[in-house]
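Visitor: As a plain string of letters, each chain reads:
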Amino acid sequence: MAIKIENLNYVYSPKTAYEKVALDKVNIEINDGDFIGLIGHTGSGKSTLVQHLNGLLKATSGAIYYNGQNIYSEGYNFKELRSKVGLVFQYPEHQLFGTTIFEDVAFGPSNQGLSKAEIDERTRKALDMVGISEDLYESSPFEISGGQKRRVAIAGVLAMEPEVLVLDEPTAGLDPKGRDEILEQISKLHLENNMTIVLVSHSMEDVAKYANRIIVMNNGQVKFNDEPKAVFSHYKELEEIGLAAPAVTYIMDGLKNIGFDIDVSATTIEEAKKEILSYISRVQ
Amino acid sequence: MIRDITIGQYYPAKSILHSLDPRVKLVGTFLYIISLFIVKHYTAYVLVTIFLLSAITLSKVPLKFIVKGLKQILILLIFTVGFNLFLTKGDPVVEFGFLTITDQGIITALKMGFRLIFLIIGSSLMTYTTTPNQLTDGLENLLAPLNKIKIPVHEIAMMMSIALRFIPILVEETDKIMKAQMARGADFESGNIIQRAKSLIPILVPLFVSAFRRANDLAMAMEARCYRGGKGRTKMKPLKYDKRDMITYFVMITFFILIISTRILF
Ligand SMILES: Nc1ncnc2c1ncn2[C@@H]1O[C@H](COP(=O)(O)OP(=O)(O)O)[C@@H](O)[C@H]1O
Ligand SMILES: [Mg+2]
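Protein sequence lines correspond, in order, to chains A and B. Straight run, no breaks: the first sequence in the working numbering ends on number 284. Straight run, no breaks: the second sequence in the working numbering ends on number 266.
The shape of chain A in the complex, shown without the other chains:
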C-alpha cells in the first residue's frame, strides 16, 4: 500500500475571522498501481488534500502513512518524500523559470544531489515521456505554446522519477486536443511506467476513461470512494453537489427509462457502444 490517510483535518487561518475548514475527517487509501480520479466542485478541498500528500501542508490533526511510515513522525525526511510523491500544481506552467527548457526540467533532479550524468539522463527521459523533442531543449520555456509549457512543467516533476504522480487539474484551460494529449500521456505513464496516479479534476469525463477508482469530495469531506461505475450510479447525488456523471450515463439511463432492457453501467463511449450493439443483436 502506498498512501494511507487517516482522519485528516485541515483548517486554514485557524482562530481568525477567515477560519475555514478545508478538510474534514478524510480517510483514504491509495494502493500501488492505482489510478485515482479525485473529483469535486471548486472549493471542495481537492488541492488542499493533495498538498498534504507530499508534506507541503501539515494537517491540523490526523495522520498520513507513506509506505507504512507516518510522515508526521519525528525527523521524517520530507525532501525524500517530495521526490517519491511528485506533485504537479494547477497551472504548473506559471512556475517555469529556467532560461532553457532543459535547465528548467533539470531543476528537480539537481536538487536530489545526483551526478551530472544522471541529471542529464533523467531530464532527457522526462522530456521524452511528455513528448518534447530534442530540438526544443535549448528554447526558452516562455516562448513555446501553452500546451507545450504545461508538458514541460509536468516533465519537471517526472524528472525526479516519483513513484506516485499527483496532478492537480492538469487539463484546466487547455483546448480539447491539448487535454486529450495530456490525459493520454498520463495514462501511458500509468500503464508503461507503472506509476501510481492521482488525477484531480472537476470533470467526470476526464477521469471516467482512465481511473480505476474515483474519490468524490464535497465541502472537505469524502462523499464517494468507489469504482467509476458505482460512483456514477449516484448521478442524482452528484448533481446535487455540482457535479455530473459522464454524458453516456445519462443516455444509457434515458434508454432504459423508455423501455430498452440494457445495462446502464457504461461509463465511456466505447462501453456504451458495445452494450447498445449487444442489445440490438440480442433482440434481433
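No lab work stands behind these hints: they were computed from the structure.
Below, a sample of chain A positions facing chain B; criterion: calculated Cβ distance under 8 Å:
1) ARG82
2) LEU87
3) PHE89
A few chain A positions that, by computed beta-carbon distances, are all more than 10 Å from chain B:
4) ASN31
5) HIS41
6) TYR65
Quick list of the computed label-pair ranges, beta carbon to beta carbon:
7) A:SER13 to B:SER15: 19 to 25 Å
8) A:ASP135 to B:PHE166: 36 to 42 Å
9) A:GLU134 to B:ARG214: 32 to 38 Å
10) B:PHE98 to A:ASN70: 52 to 58 Å
11) B:SER15 to A:TYR250: 48 to 54 Å
C-beta atoms are modelled at their ideal positions from N, C-alpha and C, and glycine is treated no differently.
The hints should help you fit chain B with the ligands onto chain A, whose structure is shown.
Guide: Just chain B with the ligands now, kept in the frame of chain A:
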C-alpha cells in the same frame, strides 16, 4: 506560512465604526494622532484611554486581534521604554552598576510607552474597520482640492488601490510558487548567503512574469471598460455623509478640544 503577513489588515464585522464614512475615520485618526502629541497631564492619558477603549468596543474587533498587532512593534516599544527608563536625569530610585533608574525616568518611560501603544492601536483600528478601497476613496475625496495645483489625485489614488489590491494576490502567488518549487525539492532555508540568494531565482522569475501578466490583463480589462482616468468619472457608491458621521465629527472635535484644554488648564 507567508500568507500570515498582515499589512494594515481589514477585520470584517458589522459595527458602527465599520459603517462610518472613510473620510470621517481618516480625519478622526488624524486628529487623534495630533492629540497624542499634545497629551502631557495624567487626565489627558485617562481621557485617551477611555476614548480608545470605547472605540475598540464599538468596533467589535476582538481585543486579541488588536494585541496581536502590537507584537509587531514590540522591539521598538522595548527600546523606547528602555532608553527613557535609563537615560532620563532625575532623582535615582534604583542603581545597578552604571545603570540608574530615576523617578523622572519611570514616568517618561511609562508615558512614551503608552503613547506608542495608543498610536499603534488607534491607527490600526482605522485599518481594521476600513477596507483599503474605502480608504483610498476617502483619501481621494479629501485630497481633491490638490487637483487645483496640478497634482493628479485620482491617478495616485487609483495606483494606490491597485497596489493594495495586488498585495494579497502576489502574496498568494508567492506562496503557490514556493510550494511548487518545494515540490521539486527546492530548499530555501539551508546554505550560505550566495546559495540562498540563488535559491530565490526560481521564485522571483515566475513571480515577475506573473505580475506583468496580471498587470497587462488588468490594463486591458480597464480599457475594455472605457477607463480614461478620473475626469468626468462618476461613482457607483459616492461618499455621502450620514447623521452618524456628523455625530462622530462632533465627538472627535470635542475630544480634541478636551485634550487641548488639559494642556492649558493643568
Ligand atoms: N491558502 C488558503 N487560505 C485560506 N483558505 C484557502 C486557501 N486555499 C484554499 N482555501 C479554501 O479552502 C477551501 C478548499 O480549497 P481548495 O483545496 O483549493 O479546493 P479545490 O482545489 O477543490 O477547488 C476553499 O473554500 C478555499 O477557499
Ligand atoms: Mg484546486
